[in-house]
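Undergrad: The chain contents come next:
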Amino acid sequence: NAGVTQTPKFQVLKTGQSMTLQCAQDMNHEYMSWYRQDPGMGLRLIHYSVGAGITDQGEVPNGYNVSRSTTEDFPLRLLSAAPSQTSVYFCASSYSGPTTDTQYFGPGTRLTVL
Amino acid sequence: QQQVKQSPQSLIVQKGGISIINCAYENTAFDYFPWYQQFPGKGPALLIAIRPDVSEKKEGRFTISFNKSAKQFSLHIMDSQPGDSATYFCAARSLGGGADGLTFGKGTHLIIQP
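In order, the protein sequences belong to chains R and U. The first sequence begins at 208 in the working numbering and counts up by one. The second sequence begins at 35 in the working numbering and counts up by one.
Hints in this document: simulated from the structure, not taken from any laboratory. Note that the structure is predicted; figures quoted are calculated from it, not measured. Note that beta-carbon positions come from the ideal geometry of N, C-alpha and C, so glycine has one too. If a hint is listed, it holds; no wrong ones were tucked in.
Computed cross-link-like contacts, DSS-like style, restricted to lysine-lysine with a CA-CA straight-line distance of at most 30 Å:
(1) K49(U) x K76(U)
(2) K221(R) x K76(U)
(3) K105(U) x K39(U)
(4) K91(U) x K49(U)
(5) K76(U) x K39(U)
(6) K76(U) x K216(R)
Residues from chain U that keep clear of chain R, each with C-beta distances beyond 10 Å, as calculated:
(7) G51
(8) I52
(9) A63
(10) E90
(11) S103
(12) D118
For reference, chain U alone in the conformation it holds in the complex:
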């Protein structure tokens, strides 16, 4: 049972465009939603995260939009740059109980064309 569904699997965006990656979750106990960025040969690194008490969080060119009623959240990368080319993972966990790590989406391979 996949608890976090991520789409698309791959995405090609022109430099300067907006990259959008979507995730949906099933477990209503999730209350922490991070996005991780992974470059080839490296471990994932936290990019930005949100809790469900806000509908949007922005850090520089990266924005998370969160829709609690729809159980969906998305990552928007504004003014996408070739250096943003990487694999992006959404994730979720329940901070309040259990300590069983993050549940990850399957990842989106993003390519920014110059």
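For reference, chain R alone in the conformation it holds in the complex:
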């Protein structure tokens, strides 16, 4: 199992550019999430999905879009990049049962917006 994979590892964008951060998991997990990590802010939830075709907003969704066409993939789209979106982005997946919810995180994408 590759677990949770993310591409690219690093990306530099100019203000106003758009791009898609890729996330894939091979564990057949229903739940997938995107977080951003900023110094002193911990991890904040951007969007999440409880299964293919179902997505919802987290704490900081503005400026980001997601879709979930398959169980495996959960891409995050930046529509018009802004310097405030400079951050490290983590994708996570989990099988959420009644007694446990281990979230598996990918290695992250470090994004800089100039």
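Following the hints, put chain U in place on chain R, whose structure we already have.
TA: Coordinates of chain U only, in the frame set by chain R:
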């Protein structure tokens, strides 16, 4: 509104000592409390987790203490080692309803001095 408050922000402990990180939460619907460990350049990884029907859970040198009435929980690392140097995040979520991911504390940067 920060729903999980974590302290201290940074912590330096001598090798062999006990590291203690504290978290407090506000949402009484939370019923799953994991701790994540993150090394530089890596994604967070689940370290240990607890549900509120027990007051303590121990796994090796790592122990979670949970006080439901005070809405507080803490991570204790016994016999701390230099390899434990990392950033630790407490988190919380409600397993019973909603699937809106984990709410994280802001993290504690732990340094174990040899």
